[in-house]
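Undergrad: Build the full structure now, drawing on both the sequences and the hints.
Listed in order, the protein sequences are those of chains A and B.
To convert, note that position 71 of the first sequence is 260 in my numbering; the numbers rise steadily by one, no gaps.
To convert, note that position 191 of the second sequence is 210 in my numbering; the numbers rise steadily by one, no gaps.
Because the hints were derived from the structure by calculation, they are not lab data.
C-beta: ideal position from N, C-alpha, C; glycine also.
Among these hints, one or two may not hold up.
Among the chain A residues that face chain B by a calculated CB cut under 7 Å, a handful are [to be verified]:
1. Thr247
2. Asn248
3. Glu249
4. Gln282
Stretch by stretch, here's where chain B covers chain A in the computed footprint (C-beta under 8 Å, at least three residues) [as the list claims (entries may be wrong)]:
5. 250 to 262
6. 268 to 277
7. 283 to 289
Which stretches of chain B does chain A cover? Using the computed rule of at least three CB atoms under 8 Å from a CB of chain A, they are [to be verified]:
8. 206 to 220
9. 266 to 275
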Amino acid sequence: MIRQPVCSVEELPPGTMKLVPVGKFGVGVYNVDGSLFAIANYCAHEGAPLCAGFVGGTNEFAPDIPGRLRHVREGTILRCPWHQWEYDITTGQNVADPHKRVRTYQVDVTDGEVYLTA
Amino acid sequence: MSPVIDANVQPHFRYNAEIRRYLPPAYKLRAIPDVEQQWYQAPGGDYRQDLYGDHYPGSDPETLCRHLFDEHGAHYAILNPLTRGNIADYLLNSRICAAVNDWLLDQWIDADATGRLRGTIRVNPEDPKGAVAEIERLAAHPKLVQVGIPLQSREPYGKPMFEPIWEAAAAHDLPVAVHINGGNGVDYPPTFAGHAHTYPGYAAFMPLNSFVHLATLIIEGVFGRLPALRFVFADGGYDILTPLMWRLDTFWVSMRDQTPWVDKYPSEYLRDHVRFCSSAFDGPTNRDVAQRWLDFTDKADLLMYGSGYPHWSTSTPDAVVSGLSSAQRDKVLWRNASDLYGLALETEGSLR
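TA: Below, the structure is given as structure tokens:
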């Protein structure tokens, strides 16, 4: 594990991602609503480049409203571009099956610079 | 010798018009299909050849009890009579179901001296209110142990218009048995792609329709909403269960957000909600692999012996469990049915 600089905080505003070419597949560093998270660019299903997927929310069961769907966790869910598996960026856990997970890494900010330990 | 429960038996009227004795006056003169008007005719007749006589096969309680209890060694038999297929006049069809139920009680269940026959409340899903009323009318009878519906349906059983029927069945803790229903009313193509040419095509593919009902019951959330609801698919089709559940499980991980009420893998609903009756056509032709094959998708916990008597393809307990381990045999021959229907059996070996 090596701690390395990624970019300045200004270059990673909320809702954006920097793909850091570390290791075999790279790691995506995400700013989710002001908090920073890092997740491997490798889907646990078939190894797709996960960080090329869209970031959005997911749906939960809402029995009391018409349509029975409520859109939640906006900005925290990453969908694999190949087969639409959903991952929580903040934990690396698959939404459908939390036993399936993608590795997450530590991110910190020192003197306005974002650092990834991976 | 292991105890045996036969979970799938079709008793018949003695003759076609006997049903009219049980129809209310307003319906007595209506045209209704013959029990044997089935286009796809099995080789040598739909029923065991030795049973054709003055009356319909499977219509004499004494003969039926002799065959099932003495020759097959069954301790209990679950009677699930056919009605007359789906009929355009769904109100008439509900009266036919009620007539079949009254006949079953009169001629079989209440007249049974052995204490070993159990019955089915036949209902017509095309008339949801009538079906619920029929369940409410008969659910308190201690020997009616399940609700019976046709496999043929113009919509899969996971659709919302059917749910009041499943709610009523679950409220009374009655499993819902799905069986191909004889007679030619309004019939639907037996395969997804249309009509089969002859009987082998019909018999091979028709039971597979059960998977469409099963998949919609899971995905549209019926099992999730009704924890006590159990379905029995009585025509087999369990040999394709594993690959089709693999498909559902695979799609669910990708598209869970469209149906988030499904909050576990679709295959995880099977144990609490689904059973199958054995069929002469399911399973490997090479019995050497039967044991391993049954373990896929834990089918040993889902399968119940059902003879299908008096059909031509009536299977014996020995034939159904051929090649299985002794633990699998026990589950298939009696344990699963004993648990589902609450039929107490003495511990193994002390029964006879």
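Undergrad: Against chain B, with CB atoms and a cut of 7 Å, does the hint on Glu249 of chain A hold up?
TA: holds (5 Å)
Undergrad: If you look at each residue in the segment 250 to 262 of chain A, do at least three have a Cβ nearer than 8 Å to any Cβ of chain B?
TA: holds (count 4)
Undergrad: Checking hints one by one. Is Asn248 of chain A an interface residue toward chain B, by the C-beta closer than 7 Å rule?
TA: holds (4 Å)
Undergrad: For the segment 266 to 275 of chain B, does the count of residues with a C-beta closer than 8 Å to a C-beta of chain A reach 3?
TA: Held - the segment 266 to 275 of chain B has 5 residues with a Cβ nearer than 8 Å to chain A, which meets the minimum of three.
Undergrad: Between the segment 206 to 220 of chain B and chain A, are there enough contacts, at least three residues with CB-CB distance under 8 Å, for the coverage claim to hold?
TA: violated (count 0)
Undergrad: With a cut-off of 7 Å, does the beta carbon of Gln282 of chain A approach a beta carbon of chain B closely enough for the hint to hold?
TA: violated (13 Å)
Undergrad: Do three or more residues of the segment 268 to 277 of chain A come closer than 8 Å to chain B, measuring C-beta to C-beta?
TA: holds (count 4)
Undergrad: Are there three or more residues in the segment 283 to 289 of chain A whose C-beta lies closer than 8 Å to some C-beta of chain B?
TA: This one holds; 5 residues, not fewer than the three required, reach chain B with a Cβ under 8 Å.
Undergrad: Holds or violated: is there a CB of chain B closer than 7 Å to the CB of Thr247 of chain A?
TA: holds (5 Å)
Against the hints set out earlier in the document, violations occur for numbers 4, 8.
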